[in-house]
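Colleague: So the chains spell out like this:
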Amino acid sequence: AQSVTQPDIHITVSEGASLELRCNYSYGATPYLFWYVQSPGQGLQLLLKYFSGDTLVQGIKGFEAEFKRSQSSFNLRKPSVHWSDAAEYFCAAAEGGGNKLTFGTGTQLKVEL
Amino acid sequence: NAGVMQNPRHLVRRRGQEARLRCSPMKGHSHVYWYRQLPEEGLKFMVYLQKENIIDESGMPKERFSAEFPKEGPSILRIQQVVRGDSAAYFCASSLTSGGTDTQYFGPGTRLTVL
Chain A
3 AQSVTQPDIH ITVSEGASLE LRCNYSYGAT PYLFWYVQSP GQGLQLLLKY
53 FSGDTLVQGI KGFEAEFKRS QSSFNLRKPS VHWSDAAEYF CAAAEGGGNK
103 LTFGTGTQLK VEL
Chain B
10 NAGVMQNPRH LVRRRGQEAR LRCSPMKGHS HVYWYRQLPE EGLKFMVYLQ
60 KENIIDESGM PKERFSAEFP KEGPSILRIQ QVVRGDSAAY FCASSLTSGG
110 TDTQYFGPGT RLTVL
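From first to last, the protein sequence lines stand for chains A and B.
Numbering of the first sequence is given in the working numbering, commencing with residue 3 and proceeding in unit increments.
Numbering of the second sequence is given in the working numbering, commencing with residue 10 and proceeding in unit increments.
Since the hints were derived computationally from the structure, they do not count as laboratory data.
Watch out, some of these pointers could steer you wrong.
Said to hold, decoys possible - Listed next, with one range per pair, are the computed distances between beta-carbon atoms:
id, chain 1, residue 1, chain 2, residue 2, range
1, A, G18, B, K71, 17 to 23 Å
2, A, E114, B, R87, 42 to 48 Å
3, A, K112, B, R120, 18 to 24 Å
4, A, G55, B, P79, 34 to 40 Å
5, A, T14, B, N16, 31 to 37 Å
6, A, H84, B, R87, 37 to 43 Å
What the hints assert, rightly or not - The calculated DSSO-like cross-link candidates involving lysine-lysine, where the alpha carbons are at most 27 Å apart (straight line), are:
id, chain 1, residue 1, chain 2, residue 2
7, B, K53, A, K70
8, A, K102, B, K60
9, B, K60, B, K71
10, A, K63, A, K102
11, B, K53, B, K71
12, B, K53, B, K36
13, B, K80, B, K60
14, B, K36, A, K102
15, A, K51, B, K36
16, A, K51, A, K112
17, A, K51, A, K102
18, A, K70, A, K102
19, A, K63, A, K51
20, A, K63, B, K36
21, B, K60, B, K36
22, B, K53, A, K102
23, A, K112, B, K60
24, A, K112, A, K63
25, B, K80, B, K36
26, A, K102, B, K71
27, B, K53, A, K51
28, A, K63, B, K71
29, B, K80, B, K53
30, A, K70, A, K51
31, A, K102, B, K80
C-beta: ideal position from N, C-alpha, C; glycine also.
Construct the complete structure from the given sequences, taking the supplied hints into account.
Modeller: Have a look at this one:
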């Protein structure tokens, strides 16, 4: 079955430190891949997306993600975290050409000042 | 340009009552998706609609749940005879086209509590 896995439920980093959030997918073919961020009581905001081409994708708010086919991964990174980045982050996938998103269970990011 | 709007933001129902959740897509968007987020879980796809048509309802429970997106007005997710297990956050998203590359924009969600 198609699935998206986010192995880390909670991550805590210090402000200014680098960040990497992990995401693995299990699909027959390479799906479309997305990262969303959800602040408390808010909807989800798209950070970035990957369909094909360059495997390093730049997004909003200084985030980037790298697609690695050999590892079935699409990890999210940020070189220097700000306190305002504290939120829940969701990785999602959709079968190529499809529009039904499958989400991971999310990673809650806490930023220590 | 207003984003996706959902109302109510919070809804409390007693077991056996009906819940109606509304979603107004972004201006110009004619594709609407409903997702459910149970506590401590990710979002799960429920249904995809275009104006007056249900395109994919593979994630909808077989009973008590229905959705519509009429020619005029918001999309409605209806849950009849609610049970405690229906307590969740329900998110609506909209997109401009049906293509998988098109971004889905999410609303703030409706948090349903069933007493």
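Colleague: Between K51/A and K102/A, does the CA-CA distance stay at or below 27 Å?
Modeller: 14 Å, holds
Colleague: Against the 27 Å threshold, does the CA-CA distance of K63/A and K71/B hold or violate the hint?
Modeller: 40 Å, violated
Colleague: Is the Cα-Cα distance between K51/A and K112/A 27 Å or less?
Modeller: Judged against 27 Å, a Cα distance of about 23 Å means the pair holds.
Colleague: Would the hint linking K80/B and K60/B be met if the CA-CA limit is 27 Å?
Modeller: Within the cut-off at roughly 6 Å; holds.
Colleague: Take the C-alpha atoms of K53/B and K51/A, compute the straight-line distance between them, and say whether it is at most 27 Å.
Modeller: At roughly 19 Å apart (the allowed maximum being 27 Å), K51/A and K53/B satisfy the hint.
Colleague: Keeping to a limit of 27 Å between CA atoms, is the pair of K70/A and K102/A held or broken?
Modeller: 22 Å, holds
Colleague: Run the distance test for K102/A versus K71/B: straight-line Cα separation, threshold 27 Å.
Modeller: 18 Å, holds
Colleague: Given the hint of 17 to 23 Å, is the C-beta distance from G18/A to K71/B inside that range or not?
Modeller: Roughly 50 Å apart at Cβ, these two residues miss the hinted range, so it is violated.
Colleague: Can you confirm whether the C-alpha distance between K53/B and K36/B stays at or below 27 Å?
Modeller: Holds: K53/B and K36/B sit about 25 Å apart, inside 27 Å.
Colleague: Take the C-alpha atoms of K60/B and K71/B, compute the straight-line distance between them, and say whether it is at most 27 Å.
Modeller: Distance of about 22 Å is within 27 Å: holds.
Colleague: Could you tell me whether the CB distance from G55/A to P79/B stays inside 34 to 40 Å?
Modeller: Given about 39 Å between the Cβ atoms, the range holds.
Colleague: The hint says 37 to 43 Å between H84/A and R87/B; measuring C-beta to C-beta, is that right?
Modeller: Check passed, 41 Å falls within 37 to 43 Å.
In summary, the structure is inconsistent with hints 1, 23 and 28 from the numbered list given earlier, while agreeing with the others.
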